[in-house]
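Engineer: These are the residues of each chain, in order.
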Amino acid sequence: MKLNIKKIFRKQNNQIQHSADNIWLDTFLLELGGLSRFTVQFFRELFRPPYEHKEFLRQANKIGLSTLPLIGITAFIMGLVLTLQSKPVMAEFGAESWLPGMVSVSIVREIGPVITALICAGKIGSGIGAELGSMRVTEQIDAMEVSGTNPMNYLVVTRVLATTFMIPILVFYADIISFYGSYVAINLHDFMSLRLFMNLAFDPLHYFDLIPATVKTFFFGFAIGLIGCYKGYYSEMGTEGVGKAANSAVVISSLVIFIIDLIAVQLADLSSIFFN
Amino acid sequence: MITENNILNHSDQNSVIEIKHLKKTFNGNTVLKDISMNVRKSENVVILGKSGIGKSVLIKCIVGLIQPDSGSLKVFDREVSDMNSNELNILRTKVGFIFQGNALYDSMTVRENLEFPLRRNKILRDSHEIESLIVEALENVKLLDAIDKMPSELSGGMKKRIGVARTLILKPEIILYDEPTTGLDPLTSREISNLILEIQTKSKASSIVISHDLNCAKITSNRMLILHSGVFKAKGTFDELMNSEDEWVRSYFKTE
Ligand SMILES: Nc1ncnc2c1ncn2[C@@H]1O[C@H](COP(=O)(O)OP(=O)(O)OP(=O)(O)O)[C@@H](O)[C@H]1O
Ligand SMILES: [Mg+2]
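Chains as they are written, first to last, in the numbering used here: chain A, 2 to 277; chain B, 3 to 258.
Pulled out of the complex, with its shape left as it was, chain A reads as follows (with noise of 0.2 angstroms):
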């Protein structure tokens, strides 16, 4: 008897565990497979006029006002941050000249793109998709479609291209940026001219660097704006949709910013090997 009520109570348990198993698969493929559709739906629209360039700037606009700030500050004490830290290990080995250009390479390639990628998921994919998640619930996207004027087109072109050309500037800036709070970092305690300073830091940079490093802010871009549209265009209903909405454009745009990186190094890997 006692046997018996383990084994079902195992059995039970053993279910269970298989259907949430399912759930998350189920979850996972459903939410890859809504994403895929919404890309090429977003293809489609690119090249379907009316384009709306003036849309276009004002998102644009938006992402630069309210990022410049907060990528600047980070940015910054970055670059300062990454040289006092690695000031003494390379004093130890007598390579403090060396000190600009690791800091330079480390900003440029990656820390850079990453941390101003991850700055732009939390502050404008959210945004977006709060946006969009909030005129879903308010029924304002069925308003535009039941008028016959391509929401898609309208709100979600418009977006993922100004997020795809805006994040690659705003690494330029941040990278700017770190290098001059690394530059201030130095001269805490020794001293060293600009000019000097630019020398040995753009000295390791090679075209190697800053090509692949270019190109994956790009996809960063498009990732964070297409994640945030999706995620907000098709919110549930009620103001917990909304937030939810919010919440997993960020979560699932810092997860994909990730990936997208380690393909990218991936990939620059090969192409030196390949070029060499």
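Since the hints were made in silico from the structure, they are not lab data. Glycine is no exception: its CB is placed at the ideal position from the N, C-alpha and C atoms. Warning: the hint list may mix true and false statements.
As the list claims (entries may be wrong) - Not close to chain B: a few residues of chain A, all C-beta gaps over 12 angstroms, as computed:
#: 1; residue: R59
#: 2; residue: A61
#: 3; residue: V147
#: 4; residue: F209
As the list claims (entries may be wrong) - Below, a list of computed lysine-lysine pairs in the DSSO-like style, where the Cα atoms sit at most 30 angstroms apart:
#: 5; chain 1: B; residue 1: K96; chain 2: A; residue 2: K55
#: 6; chain 1: B; residue 1: K22; chain 2: B; residue 2: K76
#: 7; chain 1: B; residue 1: K173; chain 2: A; residue 2: K55
#: 8; chain 1: B; residue 1: K144; chain 2: B; residue 2: K124
#: 9; chain 1: A; residue 1: K63; chain 2: B; residue 2: K151
#: 10; chain 1: B; residue 1: K124; chain 2: A; residue 2: K55
#: 11; chain 1: B; residue 1: K96; chain 2: B; residue 2: K124
#: 12; chain 1: B; residue 1: K96; chain 2: A; residue 2: K63
#: 13; chain 1: A; residue 1: K55; chain 2: B; residue 2: K151
#: 14; chain 1: B; residue 1: K25; chain 2: B; residue 2: K35
#: 15; chain 1: B; residue 1: K52; chain 2: B; residue 2: K35
#: 16; chain 1: B; residue 1: K151; chain 2: A; residue 2: K124
Using the hints provided, position chain B with the ligands relative to the given structure of chain A.
Structural biologist: For chain B with the ligands alone, coordinates are given in the frame of chain A:
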């Protein structure tokens, strides 16, 4: 007086909307079971029904916002479910939809709200023409002084009227009103009801008006339908239904 006119009117005219055996289920919850109805040219049909019974779902099916499970739904003699997205967009410029919750674009001013459907549909390119249409539409709802306000600065009744103006600016041939007077004071309700009637007589548009408001139904209806548990349980003019032999039908008209 209005109703007498309308009995004469709705004899042998073509239907602009024709629905047959429409069915819609949401995850096992059957909202519309077997809906058949038609709307003739320049006729106002009022649909009554309790909250949550599926009135909004029904008119959302007409503009293709919700896909029905089965049955036929023809607008201007064309099956809506057979249309591709272009055809659907063209249809949608001819069918105006006034949302229960207004659905004003809250990031745009009133002017931009009205301009948006005109501009996006490329109906007019000339900015003077667009401006004069906007002014005319706002004058119709007596809200010209709100032209530069944001939706958040408007009262509930004003939003409703702007919603009506935004829909009417495309000069639709069919207008679907989802509870146009709910939540408004009796005076404003009457104004909106009269506006609906005026639009019908002026532009010969056909409409479906969903309403709980008996005064609005009385003013605007040519014919009325009562939706209950997925089917139309009663049909007739306002007076016919109000004086119905059926106690259940009469219960919809009790005011206390
Ligand atoms: N998109 C949807 N998904 C699932 N269920 C829905 C959806 N839209 C409506 N429903 C369900 O359909 C039913 C009818 O909803 P509907 O909005 O048509 O009611 P209504 O008659 O307009 O009520 P009210 O007078 O309160 O507006 C409700 O039970 C609702 O839960
Ligand atoms: Mg409703």
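Engineer: Now tell me if each hint is right for this structure.
Structural biologist: Now for the hints, and whether the structure bears them out:
Against chain B, the non-interface label of R59 (chain A) is violated: not every CB pair exceeds 12 angstroms, the least being about 10 angstroms. With a cut of 12 angstroms on Cβ distances, A61 (chain A) stays outside the contact zone with chain B, its closest approach being about 16 angstroms. Interface exclusion of V147 (chain A) from chain B breaks down, the closest Cβ pair being 4 angstroms apart, not more than 12 angstroms. Distance check for F209 (chain A) against chain B: the nearest CB is about 43 angstroms away, which clears 12 angstroms, and the non-interface claim stands.
A distance of roughly 27 angstroms separates the Cα atoms of K96 (chain B) and K55 (chain A); the hinted pair therefore holds under the 30 angstroms criterion. The hinted pair formed by K22 (chain B) and K76 (chain B) meets the criterion: a straight-line CA distance of about 9 angstroms does not exceed 30 angstroms. Under the criterion of a C-alpha separation no larger than 30 angstroms, the hint pairing K173 (chain B) with K55 (chain A) is consistent with the structure, at around 26 angstroms. Annotation: proposed proximity of K144 (chain B) to K124 (chain B) holds, straight-line Cα distance about 26 angstroms (limit 30 angstroms).
Of the pairs offered as hints, the one joining K63 (chain A) and K151 (chain B) holds, with about 21 angstroms between alpha carbons and a cut-off of 30 angstroms not exceeded. Distance hint between K124 (chain B) and K55 (chain A) is fulfilled; the C-alpha atoms sit about 16 angstroms from each other, no more than 30 angstroms. Proposed proximity of K96 (chain B) and K124 (chain B) is supported: the alpha carbons are some 14 angstroms apart, at most 30 angstroms. About 35 angstroms separates the Cα atoms of K96 (chain B) and K63 (chain A), which puts this hinted pair outside 30 angstroms; it is violated.
For the given pair, K55 (chain A) sits about 21 angstroms from K151 (chain B) by alpha-carbon distance, which is consistent with the 30 angstroms threshold. Only pairs whose Cα atoms come within 30 angstroms are accepted, and K25 (chain B) paired with K35 (chain B) is accepted, the gap being roughly 5 angstroms. Distance restraint check for K52 (chain B) and K35 (chain B): the Cα-Cα separation of roughly 16 angstroms lies within the 30 angstroms cut-off, and the hinted pair is therefore satisfied. Distance restraint check for K151 (chain B) and K124 (chain A): the Cα-Cα separation of roughly 28 angstroms lies within the 30 angstroms cut-off, and the hinted pair is therefore satisfied.
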